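Visitor: Chain C is already provided as a structure; the job is to place chain R on it using the hints.
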Amino acid sequence: MGVRTGLCPGLTAEMIQLLKANGIVTVVDLVSSDLEEVARKCSLSYKALVAVRRVLLAQFSAFPVNGADLYEELKSSTAILSTGSRR
Amino acid sequence: FYTAHILLINCLVLGFLILFSFLFSGDVVEFHGPEGTGKTEMLYHLIARCVLPKSGGGLEVEVMFIDTDYHFDMLRLVTILEHRLSQSTEEMIKQCLGRLFLVNCNSSTQLLLTLYSLENKFFAHPSLCIVILDSISAFYWIDRSNGGESFNIQEMNLKRCAEFLEKLVREHHLALFATTQMIMQKSSNSTESSIPLKLLCEADVEYRPYLCKSWQQMVTHRIFFSKQCNFSSSKTFSIVSCHTKKNHIIKCSFSVAECGVQF
Numbered sequence: 001m002g003v004r005t006g007l008c009p010g011l012t013a014e015m016i017q018l019l020k021a022n023g024i025v026t027v028v029d030l031v032s033s034d035l036e037e038v039a040r041k042c043s044l045s046y047k048a049l050v051a052v053r054r055v056l057l058a059q060f061s062a063f064p065v066n067g068a069d070l071y072e073e074l075k076s077s078t079a080i081l082s083t084g085s086r087r
Numbered sequence: 001f002y003t004a005h006i007l008l009i010n011c012l013v014l015g016f017l018i019l020f021s022f023l024f025s026g027d028v029v030e031f032h033g034p035e036g037t038g039k040t041e042m043l044y045h046l047i048a049r050c051v052l053p054k055s056g057g058g059l060e061v062e063v064m065f066i067d068t069d070y071h072f073d074m075l076r077l078v079t080i081l082e083h084r085l086s087q088s089t090e091e092m093i094k095q096c097l098g099r100l101f102l103v104n105c106n107s108s109t110q111l112l113l114t115l116y117s118l119e120n121k122f123f124a125h126p127s128l129c130i131v132i133l134d135s136i137s138a139f140y141w142i143d144r145s146n147g148g149e150s151f152n153i154q155e156m157n158l159k160r161c162a163e164f165l166e167k168l169v170r171e172h173h174l175a176l177f178a179t180t181q182m183i184m185q186k187s188s189n190s191t192e193s194s195i196p197l198k199l200l201c202e203a204d205v206e207y208r209p210y211l212c213k214s215w216q217q218m219v220t221h222r223i224f225f226s227k228q229c230n231f232s233s234s235k236t237f238s239i240v241s242c243h244t245k246k247n248h249i250i251k252c253s254f255s256v257a258e259c260g261v262q263f
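Sequences listed follow chains C and R, in order.
If you read the first sequence in UniProt numbering, its first letter stands for residue 1, the second for the next number, and so on.
If you read the second sequence in UniProt numbering, its first letter stands for residue 1, the second for the next number, and so on.
In isolation and in its complexed conformation, chain C is listed as follows (with noise of 0.2 Å):
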């Protein structure tokens, strides 16, 4: 998953090549890397780097479900269907 315009609101094409020249190329790179380093390194500011990185951590990532909401819908959305098996 590279980094490119368009990923995310905050995120510029400039801001991208100056990650990018600094060995920041996938949502993954950026996610991982320590952010106050990389705001120093590529002179950005850092809080757009955790608004950011917020952003594609929502965008990307799975979300926990609670489980008695899955049980709920699990309730309302399965039907048990008799195979005629008598075993």
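Treat the hints as calculated values from the structure; they're not laboratory data.
It cannot be assumed that every hint is accurate.
Claimed, not checked - Restricting the straight-line Cα-Cα distance to at most 30 Å, the calculated cross-link-like pairs of lysine-lysine (DSS-like) are:
no.	chain 1	residue 1	chain 2	residue 2
1	R	LYS121	R	LYS167
2	R	LYS159	C	LYS47
3	R	LYS94	C	LYS75
Bear in mind the structure is a predicted one, so any value in this text is a computation, not a measurement.
Guide: Relative to chain C, chain R alone:
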């Protein structure tokens, strides 16, 4: 520490509440074995122990279940909870299930990103102290194929996942339970295993490690699951628990019934 190891198994078997938090915090337990040996069923047993109220023999703690195999069976868990509760009302079941969080991941990249974003969850829920990952080996072949020729690139995602999991376990005092499939045959090269060969032979266990070193080194207890051959028609399974640092083992048998795992 030898007694601590026995008590870990006892906790699974009998659920000694008092010792749970003392023992488990910081522990990384790996359930290893071929398919059909009861690993996931044991996880349901563990979840039930955790989410049931204290009056029902549980610990009333919250559990984060990360499912990479997409085979979590909610109805099975509900059946087990119903059998454990003396009076299982819909309300009580929902209360128990409210302590469980489920998340599905479809790739090692998504797993890594999900772990990063779950960090906030641990800050917000102090009673969330158990993390279950079923299974951590799900993307092994996909990662091998995507990584090209370089072992480093192949293992990169899982290595980062393992390192971040270690950080989460340490900072939030969690206990991590992860399952791994036995996808490799026993190797004739004994130096590959972190557990002494003599110990493995004694335990009658086939083990060939294949996941990255970062994961292997952070595991504190490795529990081997296997089918037991016996003459009766009921299927029994056996577990052999190995403490990775102290090099001692405990063996135990169980079977799976309608109401769950029975020792």
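Visitor: State for each hint whether it applies.
Guide: Quick rundown of the hints versus the structure:
In summary, the hint linking LYS121/R to LYS167/R is supported, as the alpha carbons are separated by about 14 Å, within the 30 Å threshold. Under the criterion of a C-alpha separation no larger than 30 Å, the hint pairing LYS159/R with LYS47/C is consistent with the structure, at around 28 Å. For a cut-off of 30 Å, the pair hint linking LYS94/R to LYS75/C stands: about 12 Å separates their Cα positions.
When the structure is compared with the earlier hints, no violation turns up for any of them.
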